[in-house]
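Same order as they appear, the protein sequences are chains A, B, C, D and E.
Heads up: the first sequence begins at 1384 in the numbering used here, then just goes up one per residue.
Heads up: the second sequence begins at 1384 in the numbering used here, then just goes up one per residue.
Heads up: the third sequence begins at 1384 in the numbering used here, then just goes up one per residue.
Heads up: the fourth sequence begins at 1384 in the numbering used here, then just goes up one per residue.
Heads up: the fifth sequence begins at 1384 in the numbering used here, then just goes up one per residue.
Misleading hints may appear alongside valid ones.
Same chains, same label: a pair holds when it works inside one copy or across any pair of copies.
Below, computed lysine to any residue pairings styled on SDA-like, alpha-carbon distance capped at 25 Å [what the hints assert, rightly or not]:
id	residue 1	residue 2
1	Lys1527	Ala1485
2	Lys1438	Ile1393
3	Lys1492	Gln1618
4	Lys1438	Glu1615
5	Lys1438	Asn1484
6	Lys1452	Pro1435
7	Lys1440	Gly1534
8	Lys1440	Gly1475
9	Lys1452	Leu1601
10	Lys1438	Val1518
11	Lys1440	Phe1427
12	Lys1440	Phe1423
13	Lys1623	Ala1613
14	Lys1440	Ala1459
15	Lys1440	Glu1456
16	Lys1416	Ala1394
17	Lys1438	Asp1462
Read the hints as simulated data drawn from the structure, not as lab findings.
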Amino acid sequence: MDLATVIGLIAGICALFFGFIWEGGHAASLFEKTALLIVFGGTFAATAVSFPLSKLKRIPDALRHAFRKADIEPLAMIDRIVDMATVARREGVLALENEANALEEPFLKNGLLMVVDGTDPELTRQILELEMDAVEREREQQAKIFETAGGFAPTMGIIGTVMGLIHVLSNLADPGSLGPSIAVAFTATLYGVASANLIYLPLASKIKTNAQERIQLLELMLEGILALQAGENPQLIRKKLNSFMLLEPGEQRTKKVDANAAQE
Amino acid sequence: MDLATVIGLIAGICALFFGFIWEGGHAASLFEKTALLIVFGGTFAATAVSFPLSKLKRIPDALRHAFRKADIEPLAMIDRIVDMATVARREGVLALENEANALEEPFLKNGLLMVVDGTDPELTRQILELEMDAVEREREQQAKIFETAGGFAPTMGIIGTVMGLIHVLSNLADPGSLGPSIAVAFTATLYGVASANLIYLPLASKIKTNAQERIQLLELMLEGILALQAGENPQLIRKKLNSFMLLEPGEQRTKKVDANAAQE
Amino acid sequence: MDLATVIGLIAGICALFFGFIWEGGHAASLFEKTALLIVFGGTFAATAVSFPLSKLKRIPDALRHAFRKADIEPLAMIDRIVDMATVARREGVLALENEANALEEPFLKNGLLMVVDGTDPELTRQILELEMDAVEREREQQAKIFETAGGFAPTMGIIGTVMGLIHVLSNLADPGSLGPSIAVAFTATLYGVASANLIYLPLASKIKTNAQERIQLLELMLEGILALQAGENPQLIRKKLNSFMLLEPGEQRTKKVDANAAQE
Amino acid sequence: MDLATVIGLIAGICALFFGFIWEGGHAASLFEKTALLIVFGGTFAATAVSFPLSKLKRIPDALRHAFRKADIEPLAMIDRIVDMATVARREGVLALENEANALEEPFLKNGLLMVVDGTDPELTRQILELEMDAVEREREQQAKIFETAGGFAPTMGIIGTVMGLIHVLSNLADPGSLGPSIAVAFTATLYGVASANLIYLPLASKIKTNAQERIQLLELMLEGILALQAGENPQLIRKKLNSFMLLEPGEQRTKKVDANAAQE
Amino acid sequence: MDLATVIGLIAGICALFFGFIWEGGHAASLFEKTALLIVFGGTFAATAVSFPLSKLKRIPDALRHAFRKADIEPLAMIDRIVDMATVARREGVLALENEANALEEPFLKNGLLMVVDGTDPELTRQILELEMDAVEREREQQAKIFETAGGFAPTMGIIGTVMGLIHVLSNLADPGSLGPSIAVAFTATLYGVASANLIYLPLASKIKTNAQERIQLLELMLEGILALQAGENPQLIRKKLNSFMLLEPGEQRTKKVDANAAQE
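Please build the complete structure, drawing on both the sequences and the hints.
Next comes the structure, spelled out in structure tokens:
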């Protein structure tokens, strides 16, 4: 569970709500059931039309990806792959079968089992790259659903407000109620813009950033599996995989590792 | 027929309409024939100018693509290709001729007939990739027509409203009618924004998502046809084609299939 | 002449104009000479600054491309190339010289003459691809001029309206004229948004769509010329060039042609 | 000096100014020193933050590129390269040394001197491509500065107007001054939108279009230098370089040249 | 420290503030604590949801990159690499070990140590390119955080203003306070648009421009390290690395260097 995401969602709604209360507003005037129907109903409907049912069913999955923290640290993954490469060099790739079967991570497991099976290296790369593409496409689609909702919500808000204004302006019999009626019309804009910018768009962005991290980890694993299959020197493998990590002035960790690798 | 799309379209219009009625609005004040002419006429005209007649004639086809469910499941397609690869290995590719002629799917049929004819593998790939590009281009064009309409509709709405305001403000003799007249002007904005965001843009998005699924299926078929032509091991073909499908932690199906394939 | 484009342009302006008249507006209140100067003068000036004179001189050419129908049908072109490939196979490429000189289509003519001259195939491809790039660049530039004008026009409309409001609000001596004066200010917005969305942007889109069709035809010709030069089998050439055309379920034409080709 | 650019800039400002005067506005009400400070100061500051000092120093250079006409015609450049190729074929590349040293055009000069020096063809291509990339990057950066300013200016205008409205609405003691005060607030919007759309964005577009022409000329020179170094036939070089130019139906020039080349 | 950035940030805020004061506004009316909470709290929350905690922790690092001047001049870097190439040619690459260890620049140091270690050239390129990609990704992410904040801030401003208007319009008991209350509501828009356009977006742009310069320097170093490893002629290396710099008409520096190199 990524706490920053949960706290951010709550904090955003609180900042808006308490800002309004602090100004002297009444909580009740923020709640307008017709605007709720128009904005959330309209956004939901437009999003449902935009995607086939098979994609819409993946929304809970998308939410899980948005809130979940990356489960595997790249550095831990590098250690694991280097360890397995050492075993493979000493005892042959067949020695990895039990270890591979015990793995949680499906991409690494699948890749290692292909290596154990003696699959042709070129075919291994091809299959793992196709799997990587499938993950990328899936995550992009998930982010796109929220992005699409985030694009429709403000326009549904505008539609709600315009319909509210049409209603108000058609019945000017009682000018005294003009102000409150326009206020009601504005709640639709508020719902649309707030739901898009506090919920849909930030979640879409989170899914995308998490997907990028996942893809990067898959690339690291792919490079590691292929190097292991080619029987490369474990220290060279570590060096290569470390290059996926950032190396900036002032950062000592990677430099030390590289220095060590260089001395060996 | 993709029910999510049909229900979404109806639900969106209902959410807006009943939201307005619930607020106390009169259905009649949402119907304004001059605004209808300006917004729908203008959008239609601008879209007609944007595309050659040959593309506009494909709109019914585009609608069919938007509402149709994907007819072939990728998993069923994989089974079929693996079956045919088994036949081809045992009895030679000529044995596939009758099966190919009975196929509904034109891309697979065309590809298999080329294999049966003994077309050069490189030429087969080239021709099938050109056909794939033609499908991609066609679907993108279809989505673009709706996207273009979705871009013009809100601006036509603004034009209608501005013309309404020009009319109202030029004749302020009777200030009492100011409100209702402005309400009438606003219906143009409502038509423009609502038609774009409930109809044109969601349909464009749906056509694009469906096109992506179709292209992905064509890629799977292309890979399968070429592997079959190369006389590859049917289990390897299944393994390769399965990689087009998503492999995520928690998903057991593909893992099992791969495990089986690995054991054979 | 693409009738859809001409009718679309006229229909769009009519829809707006008669919508306004139907509402009870006076045609005269849509005509405001200062707004005309600001919006069309400003758009023209900003567009003139955006491009070098050499590009601006191509505007008539761009208009010609926007209104012209595609002159050559891809299917007719395929027939012609296959015919010439048959001649070239029977009588040698030199037999094509007269036919090539009689051609209207400069790309095909130029390519065939190079083949007749015995130009190296690699050089032929290189030169024809450079020519194709030149056409693509030119058409994109032409579309961009209209797109740029379509981007400036609405902002010029806003400038005109803001200037109108500044003028009106500075002189509130006679409140009675406030309404009509604001109406006048709004005509600038009307001109800007309408000219962009009924004229500039649709024409830009049309030029782009036509350019795509032209480029596709050039690619088909390029592939045909190279295949002819390589002395490929005319039926194979037809098969390859047919792949540039769409092959969809329900479409019989291409399937039949392919089936025929497969039987030969 | 590209006259279209200078005239366009002046014409745009005149169209707006005289449109306003014609409407009966007073020139003085368009001049508001606080709005000037907010809009131009804010735009300048935001742009200064957006780029490092080293890029900001290139603004005069960027302006020079925006206003300058292309100095070399592609056709003249082709003639020159073909002439030099003829000399190189007859007398060897060393004969080009004096001619190269006398050249104004640094890219061609540098390339020819490398050829004269006997630099390896692959290295020549590599170095010239790196130089081409450096030009492209530089021009894109220059265009981006103006584009960035064109993005900030309208928002600074909105900021100025909002601050003006805050000021006006906080002091409603004298309702008579409400109109003129709002008019003053609107001048900020006017400055922001007009400066962006009449100056910054058109100049950015001009720099980009000129850069494209320059890059195209560099590509032509690169191809010419490499062909000359390879000792290719001058007529073939002309044919190849001519392909960089547009070849359209109705255009006779290039066709004739190609016909001539074909007869030789 | 890049002074242009610091001065720009201060100047932008001053331009707006003093413009407002000059107009006769009271500084106090620009300070509204509820708007501060809504706009800055909302922007912070939405941005926090958009990125995983691991990326948010890099914000101080991102700010350091935004304000820091490029520490190494490309020309000085070229001199250094050419010097080292001269040493490597005379005394062998092992002679560079001490010099490499003394280097500040981690990319160059890491690359040279691999050369000293006798790492395979292809592997050296692969590792250095992976490191370059990691830097690029990291900087893009940093810029994206500020870009995202710059996208959310204006919408939070609109939310604040709409909530303010809802509050005002619901309580029209005292019409005299209508103006000042709307003024208060507008401060939220002011905060949102100003913070986005004076702070977030310019900083994002600065980080991106600096990242481009850094990547370019890394490319130059990569090319230099590989050339040095290949034992290329130092003058050729200088010539190649100089091509990363701009070569424009009127610029004498690079031309001279190239002329010299040509004479040697």
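Tested hints:
For a Cα distance limit of 25 Å, the shortest separation of Lys1527 from Ala1485 qualifies neither inside one copy, at 34 Å, nor across copies, at 38 Å. Taking the shortest Cα distances, Lys1438 and Ile1393 sit within 25 Å of each other only across copies (20 Å), while inside one copy they are farther apart (27 Å). Proximity of Lys1492 and Gln1618 under a CA criterion of 25 Å is satisfied in both settings, with 22 Å inside one chain copy and 19 Å between copies. Taking the shortest Cα distances, Lys1438 and Glu1615 never come within 25 Å of each other, neither inside one copy (41 Å) nor across copies (33 Å).
Taking CA atoms no more than 25 Å apart as the test, Lys1438 paired with Asn1484 passes in neither setting, with 31 Å inside one copy and 33 Å between copies. Taking identical chains as interchangeable, the C-alpha atoms of Lys1452 and Pro1435 lie at most 25 Å apart only when they sit on different chains, with a minimum of 7 Å there against 28 Å within one chain. In the homo-oligomer, the alpha carbons of Lys1440 and Gly1534 lie at most 25 Å apart inside one protomer (20 Å), although the nearest pairing across protomers, at 29 Å, exceeds that limit. Proximity of Lys1440 to Gly1475 under the C-alpha cut-off of 25 Å is found in neither arrangement, the shortest distances being 43 Å within a copy and 42 Å between copies.
For a Cα distance limit of 25 Å, the shortest separation of Lys1452 from Leu1601 inside one copy, 16 Å, qualifies, whereas the shortest one across copies, 32 Å, does not. Taking the shortest Cα distances, Lys1438 and Val1518 sit within 25 Å of each other both inside one copy (14 Å) and across copies (22 Å). In the homo-oligomer, the alpha carbons of Lys1440 and Phe1427 lie at most 25 Å apart inside one protomer (13 Å), although the nearest pairing across protomers, at 31 Å, exceeds that limit. When the C-alpha separation of Lys1440 and Phe1423 is checked against a cutoff of 25 Å, the pair qualifies only within one copy, where the shortest distance is 18 Å, while the shortest distance between copies is 34 Å.
When the C-alpha separation of Lys1623 and Ala1613 is checked against a cutoff of 25 Å, the pair qualifies both within a copy, at 14 Å, and between copies, at 21 Å. Within a single copy, Lys1440 and Ala1459 get their C-alpha atoms only as close as 33 Å, which misses the 25 Å cut-off; across copies the closest is 20 Å, which meets it. Taking identical chains as interchangeable, the C-alpha atoms of Lys1440 and Glu1456 lie at most 25 Å apart only when they sit on different chains, with a minimum of 16 Å there against 29 Å within one chain. In the homo-oligomer, the alpha carbons of Lys1416 and Ala1394 lie at most 25 Å apart both inside one protomer (24 Å) and across protomers (17 Å), since each shortest distance falls under that limit.
Proximity of Lys1438 and Asp1462 under a CA criterion of 25 Å is satisfied inter-copy only: 23 Å between copies versus 36 Å inside one chain copy.
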